[in-house]
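Visitor: So you can see what is in the structure, the chains are spelled out below.
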Amino acid sequence: MVDSTELLARFVFTRSHINWEDQSRPRLRAEAFIPHPHLELSVFRVHGLATLAVRQIGEEVSRQRNKPLVGRGELTAGHVRKIGLDVQSSEPPPRHADIVGWPALLGSPKEDKSRQKLIAMQLVEGAQLVLA
Amino acid sequence: MKTTTDYRSSQYPSFSGSRADGPDAETVNGLFCEVQSAFLQSQSLGGPTRKSMASLVDTLLDCLHPDWDGYSALPVRPETYQNARRFLECLGGVSPQPSISPEPDGEISFEWYRAPRLRFSVSVGPDATLSHACMFGTSSVHGTETFLDEVPVGIRNQLDRLYRLPV
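Chains as they are written, first to last, in our numbering: chain L, 1 to 132; chain D, 1001 to 1167.
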């Protein structure tokens, strides 16, 4: 069970998912929270960890995926649940979890896409960007 | 003039592309290209559009290969780039320029952002259907529109609404 107070991190491996227009205040884009190609969004439970420890998890994932770590979006499980999704532990790897409960792909693909876009917007609204 | 299915795109604000063909159409198109060129060379009028076009090219180049995001994203296809460019051309300089971003399914997103709960995003893919989602304070909307030669009225209406609301 993932408590609603728990902090989650979505690691970002592309600069394209961060809006750099205002260099002094880069902003995470909603596209970082679209779950394609799955109906689960991969996150890590980082509650209570020091910044360095969170970064080490991100670097390990980065190494496995062979992509540079750009940053992470941090949000609480409570925010995820407030918008109708849920968080489920999904180990291994340690501390890994999935954001689940995305609308089933029942309608036309484009209609489903627009629903996912809106949910991703709601997720990113409650997320804080931490650059690597 | 006769009509044809070939599409001649326009980069001039408020003017959509043309499918006309024949000598008259050639003449008109030549004059139109001159106007377009002058528009794009203008710093005040064409500068933002040039910047968006450059951003679109960057997006394509960054995402030509699968898994560009580390989460198994699909590459941006040339057809998607062409549609996105046409969408941008149709937008012209009339509305504020959107920020451009790739999406994990290989589509390209255009976002107009004013505040965390005041934002509007349109996805352009390899076909003629646009997916969009918007947050207007406490209300939100999502749906699809068909994109042919003009920015759909539904998209323009949402943009107008976004920029009418106080931040």
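Quick caveat, the hints were computed from the structure, so don't treat them as lab data.
Take the hints with a grain of salt, since some may be wrong.
[As the list claims (entries may be wrong)] Okay, the calculated beta carbon distance ranges per label pair:
hint : chain 1 : residue 1 : chain 2 : residue 2 : range
1    : D       : 1150      : L       : 91        : 34 to 40 Å
2    : L       : 132       : D       : 1163      : 44 to 50 Å
3    : L       : 59        : D       : 1047      : 36 to 42 Å
4    : L       : 53        : D       : 1095      : 42 to 48 Å
5    : L       : 15        : D       : 1030      : 38 to 44 Å
6    : L       : 132       : D       : 1127      : 24 to 30 Å
7    : L       : 86        : D       : 1138      : 18 to 24 Å
8    : L       : 24        : D       : 1156      : 55 to 61 Å
9    : L       : 132       : D       : 1023      : 34 to 40 Å
10   : D       : 1057      : L       : 37        : 24 to 30 Å
[As the list claims (entries may be wrong)] Straight-line distance between alpha carbons at most 25 Å, and here's what the computed DMTMM-like set of lysine to aspartate or glutamate pairs gives:
hint : chain 1 : residue 1 : chain 2 : residue 2
11   : L       : 110       : D       : 1149
12   : L       : 67        : D       : 1160
13   : L       : 110       : D       : 1034
14   : L       : 110       : D       : 1062
15   : L       : 110       : D       : 1021
16   : L       : 110       : D       : 1026
17   : D       : 1051      : L       : 22
All values reported here derive from a predicted model rather than from experimental measurement.
Don't be surprised by glycine CBs; every beta carbon is placed ideally from N, CA and C.
Visitor: Does the structure keep residue 110 of chain L and residue 1021 of chain D at a Cα separation of 25 Å or less?
Guide: violated (33 Å)
Visitor: Residue 1051 of chain D and residue 22 of chain L: Cα distance at most 25 Å?
Guide: It holds: about 15 Å lies between the C-alpha atoms, which stays within 25 Å.
Visitor: Residue 110 of chain L and residue 1026 of chain D: Cα distance at most 25 Å?
Guide: Not satisfied, since the Cα-Cα distance of roughly 37 Å exceeds 25 Å.
Visitor: For the pair residue 1150 of chain D and residue 91 of chain L, does the Cβ-Cβ distance stay inside 34 to 40 Å?
Guide: Given a distance of about 50 Å, which is not inside 34 to 40 Å, the answer is violated.
Visitor: Does 38 to 44 Å hold as the CB distance between residue 15 of chain L and residue 1030 of chain D, or does it fail?
Guide: 40 Å Cβ-Cβ, so the 38 to 44 Å window holds.
Visitor: Can you confirm whether the C-alpha distance between residue 110 of chain L and residue 1034 of chain D stays at or below 25 Å?
Guide: Roughly 37 Å separates the two Cα atoms, so the pair is violated.
Visitor: How does the Cβ-Cβ distance of residue 86 of chain L and residue 1138 of chain D compare with 18 to 24 Å: does it lie in that range?
Guide: holds (23 Å)
Visitor: Can you let me know if the beta-carbon spacing of residue 1057 of chain D and residue 37 of chain L is within 24 to 30 Å?
Guide: Holds, since residue 1057 of chain D and residue 37 of chain L (Cβ atoms, about 26 Å apart) stay within the stated range.
Visitor: Go ahead and decide if the range 55 to 61 Å is satisfied by the Cβ distance of residue 24 of chain L to residue 1156 of chain D.
Guide: violated (32 Å)
Visitor: Does the beta carbon distance between residue 132 of chain L and residue 1127 of chain D stay inside 24 to 30 Å, or does it fall outside?
Guide: violated (36 Å)
Visitor: Measuring from beta carbon to beta carbon, are residue 53 of chain L and residue 1095 of chain D in 42 to 48 Å?
Guide: Check passed, 45 Å falls within 42 to 48 Å.
Visitor: Quick one: are residue 59 of chain L and residue 1047 of chain D within 36 to 42 Å, going by C-beta?
Guide: holds (39 Å)
The structure does not agree with the numbered hints 1, 2, 6, 8, 9, 12, 13, 15, 16 stated previously, though it agrees with the rest.
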